[in-house]
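Using the sequences and the accompanying hints, generate a full structural model.
Mapping to my numbering: the sequence shown position 195 is 195, numbers consecutive.
Keep in mind that the hints are not guaranteed to be accurate.
For each label pair, taking beta carbons as the anchor points, the in silico distance ranges come out as [as the list claims (entries may be wrong)]:
| no. | residue 1 | residue 2 | range |
| --- | --- | --- | --- |
| 1 | Arg115 | Asp21 | 30 to 40 Å |
| 2 | Glu14 | Phe43 | 13 to 23 Å |
| 3 | Phe277 | Tyr210 | 24 to 34 Å |
Dumping the calculated DSS-like pairs for lysine-lysine here, alpha-carbon to alpha-carbon at most 27 Å [what the hints assert, rightly or not]:
| no. | residue 1 | residue 2 |
| --- | --- | --- |
| 4 | Lys17 | Lys67 |
| 5 | Lys10 | Lys48 |
| 6 | Lys54 | Lys65 |
Honestly, the hints are just simulated from the structure, not real lab data.
Ideal Cβ placement from N, Cα and C applies to all residues, glycine included.
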Amino acid sequence: MLDKLNEIEKSALESLKSVTDSAALEAWRVANLGRSSALMTVFSEFGKLSKEEKPVIGAAANRVKVKLEAEFESQAQAVKNAALAKSLAEEHLDVTLPGRTKHIGRLHPSTQQLRRVLDILAEMGFQVYTSREVETDEMNFQMLNFPPDHPARDMQDTFFIEAEGRAENPILMRTHTSPGQIHAMQEFSKTNPKDPPPIRIALPGMCFRYEQITARSEIQFNQVEGLAVGKNITFADLKGTIADFVRRMFGENARLRFRASYFPFTEPSAEVDVECFVCGGKGCTVCKNSGWLEILGCGMVHPVVCKTAAMTRRFILASLGVWDQNVN
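Next comes the structure, spelled out in structure tokens:
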């Protein structure tokens, strides 16, 4: 029996040397360590041995089994390493290549345009001034020349906030960023009431209107306003500022036009269009076949608004409002 075990060990180790892949390795394991292998047959015949032979044969059989299992594990690792080396050689993996960074997304187009508008206004000398999104009726309408019975209020459907004791001056979500003009003028005028400093500010922010959601309108949108306060400012200065803004925003060759309009808080008032960049002014569905796209409204701040904001008549104010979604 000992000779048989020695022969099993020698034959198994000899055949293991020729194993070079995982399939052949599994076949070797089944043939030499499986239930039907010659080694397992020795264990199955163990009961036929005498008491004197059992310790000797048992120890020898276990030694052979442990030896074959160890050699099997060693050869399995060698086969695995060889397969990996072959794969690396075939794929020509360059380990010196830099790692690939994860995709982290990008800013929303509206946010990109909002930042671009503010960057341009900053280059033109305007400082960003932020104000509250929740306003009072007085700040959102009355102080901007919207009295309670003013017909212009019919143009804006408003989100009112329920609050007790606010019947005469209800709280609402602002419908435009213009209340920020009042806040800014009141704040700056306090620094020197008799001779307030000049103001050049850009007022960005979210506005809210109770409108039908379409491709051209939303209940929530970004708006940016510019306000200039100083002596001897004219409508020509306002036109030049807007023309410069349009060229910076849409390119040196951008064409624009001013149309007379009406806003309660400016006089005179105008709206500004740029030539449609889709059809080149020929007319298409984007520009409603007009050849022009409306981008902003502007005007000289109304004297009534100046008075409510505590600004003296020696100062002339100009205002422009950019609807961010319109310039996307």
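Right, here's what the structure says about each hint:
no.	hint	in the structure
1	Arg115 to Asp21: 30 to 40 Å	59 Å, violated
2	Glu14 to Phe43: 13 to 23 Å	22 Å, holds
3	Phe277 to Tyr210: 24 to 34 Å	31 Å, holds
4	Lys17 to Lys67	14 Å, holds
5	Lys10 to Lys48	24 Å, holds
6	Lys54 to Lys65	16 Å, holds
In summary, the structure is inconsistent with hint 1 from the numbered list given earlier, while agreeing with all the others.
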